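K.L.:
Given the coordinates of chain P, work out where chain W should sit on it, guided by the hints.
Just so you know, the sequences run in chain order P and W. Numbering-wise, the working numbering puts 64 at position 64 of the first sequence, and it's gapless, one number per residue. Numbering-wise, the working numbering puts 61 at position 61 of the second sequence, and it's gapless, one number per residue.
No lab work stands behind these hints, which were simulated from the structure alone. Nothing here was measured: the structure is a model prediction, and the numbers come from that model. Hints should not be assumed to be uniformly reliable.
[Said to hold, decoys possible] Restraint-style ranges between C-beta atoms, simulated for each label pair:
no., chain 1, residue 1, chain 2, residue 2, range
1, W, L124, P, Y33, 49 to 57 Å
2, P, E77, W, K113, 50 to 58 Å
3, P, E61, W, K113, 49 to 57 Å
4, P, E77, W, Y131, 38 to 46 Å
5, W, T65, P, R21, 52 to 60 Å
6, P, K22, W, K160, 24 to 32 Å
7, P, R21, W, Y131, 52 to 60 Å
8, P, D62, W, K37, 38 to 46 Å
9, W, L124, P, R41, 35 to 43 Å
10, W, K160, P, N71, 52 to 60 Å
Note that beta-carbon positions come from the ideal geometry of N, C-alpha and C, so glycine has one too.
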Amino acid sequence: MAAKRRSKIEIIGDILFLMQRKGGKVKPTHILYGGNLSHDRLKIYIDELLIKKLIEEVEEEDKRFYRITDNGLKLVEELRKIKNVTEAFGL
Amino acid sequence: MVFVMHNIYYFLNIVSVIVAAIIAIYGYKAYRLTHEKKYAFFGLSFLLQFVGYIILITAFIVHKTTTYLFPGAVPEAIKNIVPLYHSIYGAYILFTLIAYTLFILIYSEIHRKSELTLIGFLILALMYPSYHSFRFFNAVVIGLLLFVIYYQLMNYKEKKELNKLIVILAFILFLASHIVLFFLGPTTGVVALAYTIQLFSFLLFLTIVLRIELKWQRKEDQKLK
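Only chain P is shown next, with the shape it has when bound in the complex:
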């Protein structure tokens, strides 16, 4: 049976949950593999999360990381609740 295509909310949630699990700061490649996304789609989602100030870009030792912001952490909790409610209704 074909896997169900993830919705936008699920992908955003997966990225933010992954960042939270990894201590709040991750490399782009971690998001790429952990979030199970193509490079193009990753860029779209990262740009959106940056614009919405849910994550921020940081550079340490010439390496690029993404860090979840306080707003991002609040959204993670909000998303968990929304996900639970919408899943219960089969959305």
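P.N.:
This is chain W only, laid out in the frame that chain P set:
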């Protein structure tokens, strides 16, 4: 006594109103984050139930209180309320039909404007006989709910979770309430029974909301420790 019980029963339905509002807010938040139509439909479905219940409860309480305060006589106040009461009942029927149809749109993944327009016309076409025939209205709602429950059972089979089971039970209770109304008719006692069954449906929804909120609160408390 019957008057007091009747009004207490409608007052209790404020629980349904609050729960419908909370779930509508969840739907709105999901839509705001994703701009996916299914969340807008979901939020709108509960918003319509919220508005439907508010106008219905208000209408019943105003109507019953006015009748109680002016027994025997038919004062101008009641004469003026009757047409308003009929309009409110019409709005309630329309909102209920749309609310359940929205669930079918979500589960069938119908998003195209042409299909939505067609379904909109279909609801309006069903509205007239539904307004004039209480049994017809309930028959339509029973049909819509059977579809909704079928999709939810399929969803439950994919991944078995307690919350999903609670939702199915809640919709089965909605179905039961409309079956009661269909077979027994709109007498005061039957209507009270049917809406009490619906109150239990909303209490089940409240259980889901509380399970989710309390689970989150427990995690927050653990973090603080």
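K.L.:
Work down the list of hints and note, for each, if the structure agrees.
P.N.:
Hint by hint, here is what the structure shows:
no. : hint                         : result
1   : L124(W) - Y33(P): 49 to 57 Å : 51 Å, holds
2   : E77(P) - K113(W): 50 to 58 Å : 35 Å, violated
3   : E61(P) - K113(W): 49 to 57 Å : 52 Å, holds
4   : E77(P) - Y131(W): 38 to 46 Å : 44 Å, holds
5   : T65(W) - R21(P): 52 to 60 Å  : 56 Å, holds
6   : K22(P) - K160(W): 24 to 32 Å : 30 Å, holds
7   : R21(P) - Y131(W): 52 to 60 Å : 54 Å, holds
8   : D62(P) - K37(W): 38 to 46 Å  : 44 Å, holds
9   : L124(W) - R41(P): 35 to 43 Å : 41 Å, holds
10  : K160(W) - N71(P): 52 to 60 Å : 34 Å, violated
Checked against the numbered hints given earlier, the structure breaks hints 2, 10 and satisfies all the rest.
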